[in-house]
Amino acid sequence: MSPFGRKNRKPGQQQAASAAQAGAVRLSLSRTARRAGMFCLLLILVLLVNLSRIQVVQANKYNDNAANQRSTIARYAQPRGDIIVAGKPVTGSKQTGDSLYQYRRSYTDGPLYAAVTGFSSQTYGNTLLEGVEDDILSGSADSLSTRPLLDAISRSPVPGGDVYTTINAKAQQAALSGLGSKRGAVAAIEPSTGRILALASTPSYDPNGITGTGSAVTQKWSTLNSDSTQPMLNRALRQTYPPGSTFKVVTMSAGLANNVVSGIDVATDSPDPYTAKDTTTAITNESSSDACQNATLKYALQVSCNTVFAKLGVDVGEANMVKMAQAYGFNQSSQTIPVGVSRSNFDTGLTGQAYLALSSIGQYDTAATPLQMAEVVAAVANNGTLMKPMLVSKVTRDDGTTVQSFAPQTFSQPVTPAVAAEIQQAMVSVVTGGTGGNAAIPGAVVGGKTGTAQHGVNNSGTPYAWFICYARPSASAASPVAVAVVIEDSNANRADVSGGGLAAPVAKAVMQAVLNG
Amino acid sequence: MAAATAPAIPAPPRVRTRRATELLLTVLAVLIAVFGYADVGSSIDGKVPADTLGYGVGLGVLALLAHLAVRLRAKYADPLLLPCAVLLNGLGLVVIYRLDRATATSSAPSQLMWTTIGVALFIAVVLFLRDYRVLQRYAYVLAFGAILLMIVPIFLPAVYGAKIWIKVGPLSFQPGEIAKIALAIFFAAYLAVSRDVLALTGRKIWRLELPRGRDLGPIVVIWLLSTAVLFLEQDLGTCLIFFGLFVVMLYVATGRIGWIAVGLVMVGVAVVPVALWEPHVHSRFVDWLHPMASIDAGEGAGQLAQSLFAFAAGGLLGTGLGEGHSYLIGFAVKSDWILSTFGEELGMVGLAALLLVYALVVVRGYRTGRVLRDPFGRLLSIGLATLLALQVFVVAGGVTDLIPLTGMTMPFLAQGGSSLLTNWVLVALLLKMSDAARRPDLPPEPGVLAVPPAPRPVAPEGSAPPEQSTPPGTGDRSDDHDHGDDDHGDDDHDHDDDDDHGDDDTQAVPRP
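Top line first, the protein sequences correspond to chains A and B.
Going by our numbering, the first sequence opens with residue 1, and the numbers climb by one from there.
Going by our numbering, the second sequence opens with residue 518, and the numbers climb by one from there.
In case anyone wonders, no lab produced these hints; they're calculated from the structure.
Heads up, a few of these hints could be off.
Unchecked claim - Residues from chain B that keep clear of chain A, each with C-beta distances beyond 12 Å, as calculated:
no., residue
1, R535
2, I774
3, A778
4, G900
What the hints assert, rightly or not - Computed beta-carbon distance windows for the label pairs:
no., chain 1, residue 1, chain 2, residue 2, range
5, B, P796, A, K61, 24 to 34 Å
6, A, T72, B, A537, 45 to 55 Å
7, A, K61, B, V658, 47 to 57 Å
8, B, K564, A, S154, 40 to 50 Å
9, A, A86, B, A849, 52 to 62 Å
10, A, A77, B, F552, 17 to 27 Å
11, A, S215, B, F661, 52 to 62 Å
Predicted model, so just to flag it, every value in this text is computed and none were measured.
From the three backbone atoms N, C-alpha and C, an ideal C-beta is built for every residue, glycine too.
Isolated chain B, as found in the complex (with noise of 0.2 Å):
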């Protein structure tokens, strides 16, 4: 809140909570998640389980002690965070039970345990991270934890083709999953403070803006560092992930599309050999080129094959919860390839109607990362909910022959507890943020506020004092005022700024 212009604008309108609405979802969304669990079950022993009701008060006691976390320190939240997670984990947990039952082993139980403690990691955050600006200050900490926790595996035994779980005991682990989170809070953190020198700083090379070295070197490291670690692991999915989410980060921050163009020529430099050679990734191109190989090679179907053939049978409306026989695809059904499961159970429909529940997270995210006015957590949010929706495009894509197979796991949906835990923390983060955008009166952090802001005058566009001179994270609302745009807390006012003059070809960047 800028001091200097409060007495300019009128006392905020009294902000709705939408707390009623949340929990109204919320409980919709647990009575949906039950109503699959007594499908399946009916139809596979034509009753309803005798543990519906106990399935139900557990996934709603969890859903609740969420719910009233939230309640609790993040009244301003957004109301639809919530009740997608909570649809999409219920889901989840319904068609691995589905599965157990089709595959004569038991993964719903140490599912529902990885609920438990993933809400409980969510409550945690609601509850303790108190502003998510702290986040800030840990950045490098935050980055070189991920790493280290990355390169542990390549020590140990690989597991399932991939060194990248960490095994102890009967818990496996695997730490590209919490990097993610880590990796786009630094990100976030170093672009929010040196986006501009980026984006107006740099050496022209041939029709490029380059930026220089010492500006950008920092989170090129730690971002080649990540990927060469995942590169060792073979882990290619995350790092895919890594290397999109680097790239729409930047391109966020700096607006400057000519350096997307220069990262898809380098990782098309660095993918094409690897597709070629590395025998693991080169059998996953090939799968992806032709899916039916195997088959005409009088092998049988191949697990992507049999993934098809699931979507494929499912067609429009889907067998129905149970009555589909995904499990041809064998190993890796619940987590890698649950995907297929839901395509020939639900169909077409259904499939779509899940894409639009994660849809709707990454809008709210990218929505909060539009109200927000620090840097930080607008590239943040923005991070977070683009992370979402590449980890969806590039599992769905690879169980659906549009992109090579990469053998990650749907978030929320696939058996496997780091990305669940990842996943719950990360939907913490998104409705944090959202809070503090819809927040009418954000109290100012007295860690992160060292210097109060310094009254600014009012001043026409354009001729503002240095970003610089303020620290980051001041609630400082002039961020981007050489456009205008939502200069406002207010969520429902979102209005569309295409009509701005600004625009790639006509960017003038001076000369430092």
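Chain A extracted, bound-state conformation (with noise of 0.2 Å):
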């Protein structure tokens, strides 16, 4: 006998129980039982519910939360795809030991090509290449998937892509050593088709040091921040410096467009020195030994003379000057080559003839990019066409299968045939009896051009030296290479700061090692 049977046994409650069945109407407890058993089911579909909420339908939002380690962890879980220069892979991956984050970047040559490669960090992320072909190198490109749906349901991760550079080894190498310990850089294109050859700044930085986690790596980034010498700045793609001289190839090819000038070796009607309408400024030129009163395009470019090509900007008139230099690249504010480049300015709308002419010999707001100058003799060297500058010829899976390949692409047109020979000869003059002699090479055809930029507070810094050219073998009628190079060396003396003297030997290098092969 239970004792609630027996403590409950008292005649009042009988009664009333008694009583309660007698007539009363309650709910059965089967009937209860089955609501309550209702409400439990009901607890279950409540979650199912919010589950539902969560795993679908804002699934998306928590899988994107940048505090979600998930995206991270996969991205290190398998080794990186390769960047791969002339048939050989320049970077690699390393296992890191750490549980998290599995395989971290490695460079086989760091600092010979950190301007081509930019780095991949756990801590800080991808940069130039690494960053724009992240897609394909990380493995999350649906590209690269053979099997989309199936690997979208398995979820078995894609192994990352290689991406192929159009890069030229020796003539990286050569850049780089022509550099040495100046700061500068180069860009090296070959003009039939826009394969960029070199891309070097100086100084470097070995990006293996900060592909990881932790203090070293922290501590690595921050003496490469507060170097002054700004070592992880590409200053082939991403720094702009006043051209100077060398643009006067862009004024030169705008005049004989233009038919301002007849040809390059026609008399020029040039004072010297050269007074704007609008100004009481003259421009005179480096040595007054030249001879640049009335001098001919040729000669003027020879030797370099400001009168006679600030004049011709003037003369050909700002809408025109604007129309070449964008016709050669200038102006393009998202070039992407897939790397995003710096926009090349020469300045649209000037109304008075001083800034003109000041622009036309690559002064005042003229600026350009290193690869801008060797687009721009590129396009002279390919006999007037621009090629779009690529870095990037193809991209392949992991079993080496091509994803896409890149085709040269015609970007413009700035001159025809004729005046590209006509500007062609008068640069080559410039190598065999003008400023640019250091660049000649025996046995093959240099053309080139020097620069010797003012810039500063009232022209106070050190000029920046530029050489641009290209060269063919004397046999051969198309022209294999086309450099650009910029030396902005704060420790040189300034007297001896000139495009013939500090940058010419190193465009010289990069074309032998080019023609050379």
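Since each chain sits alone in its own frame, please combine them into the complex, following the hints.
So this is what it looks like as structure tokens:
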């Protein structure tokens, strides 16, 4: 007998209970039980509804949350695809020994290719090619999957793809060693295709030091960032310099193309010094011994007469100067190769002749990246047709099959082949008998142009030394290489800083590397 | 079996024992777990773990022993309960092993040991508890024993911010877990006896019929006592479950919805100040409302945010076992947060299946309750099923940001010995009761049945003799004669009683 049974057997309660039994209509136990059971099932239904909210409806919101480490973990769970130069990978992947981020980037020859590859860092993200081709290299690009639906369902990770660059290893090496300890940059292009053969920026740095995580990495990073020489700045693509006298090639193109001057051997109507109408400040020439007054364009280019080209720019006029500069690639605000390139500038809407005159000799606001000046000389060397510069020739899957290959594309035709031939002739004379003698290569035809650009407040900064050039074997009609070199060496003796002296030997080395194959 | 009605009822049809179904499903459950184990190994190491066979044999032997015990002493038991328990326990072991591989600690072996003890307890209950109605006699003993056990940790140092553990050497034990079953037994026993009094007598205050203090007193005292203890121990999850259990059982026993409203108001009044001012609980509420707050504050993802990330990463189909990153949750990932790993690696589809397995056990518990004839058995099986459902809801709701986190463990899945033992006992009790429900000729329990049931005249409904004149647990089959449903012991007979006339609004309660 249960204690409850005994305890509850009281007359009053019995009476109540029996009264209830006699006339009460109350819920049966199985009815309340059914309701309670429904309530329990409802609880589970609510759980399922909430799960569908989290796991399906709002899943992307959670997956994309910056604090969610999963995408980062997946990214470093497998070796990263490689960047390939001349058939050989210049990158690799190292196991970190860490259970969360298993692989980190490594570079076979970090400082040599830093201006091409950029870096891929677990702490600081990805830059340059590592950045723009990250989808391919990390394996996240949809195009890498050969069985997209199956991979999506099974969530099997797709191995990273490889990125083939157009870089010529020897030219790259020549550019780096040519620049040596000097601060500067080199961009070299194959004129007929736009393939970029060399991209160098000095001082360079070794991205190996910053690919992982931890205090050593952050320390290395802050050292690099606090360095006044800015080793991580890609001067070839991301720094613009006043192009100085090298811009005279553009002005010459405008003059010839618009028939302001009928040929390179025709005497121009140029005073020396030249003073534009709306100013009292005269433009002069570096050396008074040069016969710049009424000089031919060929001679003016040879000895780099400021007066002739300043006046030529004014004679061509603002509209046509802008048109020519833009045909050569200036003023593009979002140029990609596919790495983004800084905008090179030639002012539009200049009303005063004085500023147009200065702009036409590559001063005032005119500014160009080394790659931009390489494009100018490449267009001249390619008989007036500018090919779009390209750094990537193809991307492949891990198994070597091609995802996409890139064909050369024409960007513009700034000048006709006839005009281009005249400019080539003038540029060759710069090397054979002018300021660019240091670039001469035996057995090859070399055309070039020096530049020494003033900068700083009242031109107080050490001038930038420029040299742009192209070369072809004497027996060949096509030029396989066009180069732009800039050197901004503050340690050099100011008087020694000249395009022909500092920059031309570097350009020569790069051209030789390409010519000698 | 009411002797008087025996001649009127034809001999009951032969009831199938369904033991073969149980065996088949149990083998299937073991195979699913073994497959999961092999899958974890092959996705992490690229090969099937060498001890897969041993693991499978171990789990298989345990399941088989349990099955044999059921065959021996609970022949007519529900064939789904044991397979569900084996499946859940096996999957729990798989995921704990999987998390072992990510956290460099080894918890699976001790979980396997607890599983063994749990199954042993299951077998012991099945074998030695001849008739669950015996438990009714020990209701007060169980209730006070449970409360005493729960008080002990108050005098012990807090573990993980809550004083709910008894630590003996390497073994730790949560008395709150086993107390749940003891309290369910107490509630069932008390309500079985006094439900009529509670339902039909009382004072009317405003529009609510409130019971007399002496009727409801003991049960409220026990409930308040246990709740107070848990409150002191900051074990709010168990507190919530005790409350839910109390309210549901009270409703099932009395059919009075008004009391649920009163209970909810009381709990609201109690919870709001605690949520506002008790720091430990307050932080849980804040997390619940703003799971991403720590990210916005620049401190990275908190545990709840990490859990939500895990569920979201799982999406519809999951990453596959061993392929997720739920270990980022960190502390208690194998116990309180284990469902997040299921969510990430098995996806929403896997979780839905998992929840359905729980739902199956709950439904089977309720069905047993509807089939059983004695009020104690009915209330106990419903209470135990409700206990399971509430615990699943509170835990799963906590880790999915549906309700504030309470730090409890998912039944059968989560790492933790006391929880595992408790749930095996819970299933063993449900199983024994389902056996009694389906058994064609339930023999009278000598200890309980002191007085043979009085021969009862076959009377028209509504004029039956008072219930209290027959002791509870005598197999009185006309307990709910007012609606006349479920009068057969056959569990295949489950007719709908929604067409009944009785309703809350129409009940006429006579005054004493």
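Status of the hints after comparison with the structure:
1. R535: Holds, because the least Cβ-Cβ distance between B/R535 and chain A comes to about 21 Å, which exceeds 12 Å.
2. I774: 9 Å, violated
3. A778: 14 Å, holds
4. G900: 10 Å, violated
5. B/P796 - A/K61: 24 to 34 Å: Holds, since B/P796 and A/K61 (Cβ atoms, about 30 Å apart) stay within the stated range.
6. A/T72 - B/A537: 45 to 55 Å: 52 Å, holds
7. A/K61 - B/V658: 47 to 57 Å: Distance hint for A/K61, B/V658 holds at roughly 53 Å.
8. B/K564 - A/S154: 40 to 50 Å: Given range 40 to 50 Å: violated, Cβ gap about 18 Å.
9. A/A86 - B/A849: 52 to 62 Å: At roughly 54 Å between Cβ atoms, B/A849 and A/A86 fall inside 52 to 62 Å, so the hint holds.
10. A/A77 - B/F552: 17 to 27 Å: Given a distance of about 25 Å, which is inside 17 to 27 Å, the answer is holds.
11. A/S215 - B/F661: 52 to 62 Å: 59 Å, holds
Hint violations for this structure: numbers 2, 4, 8, all remaining hints satisfied.
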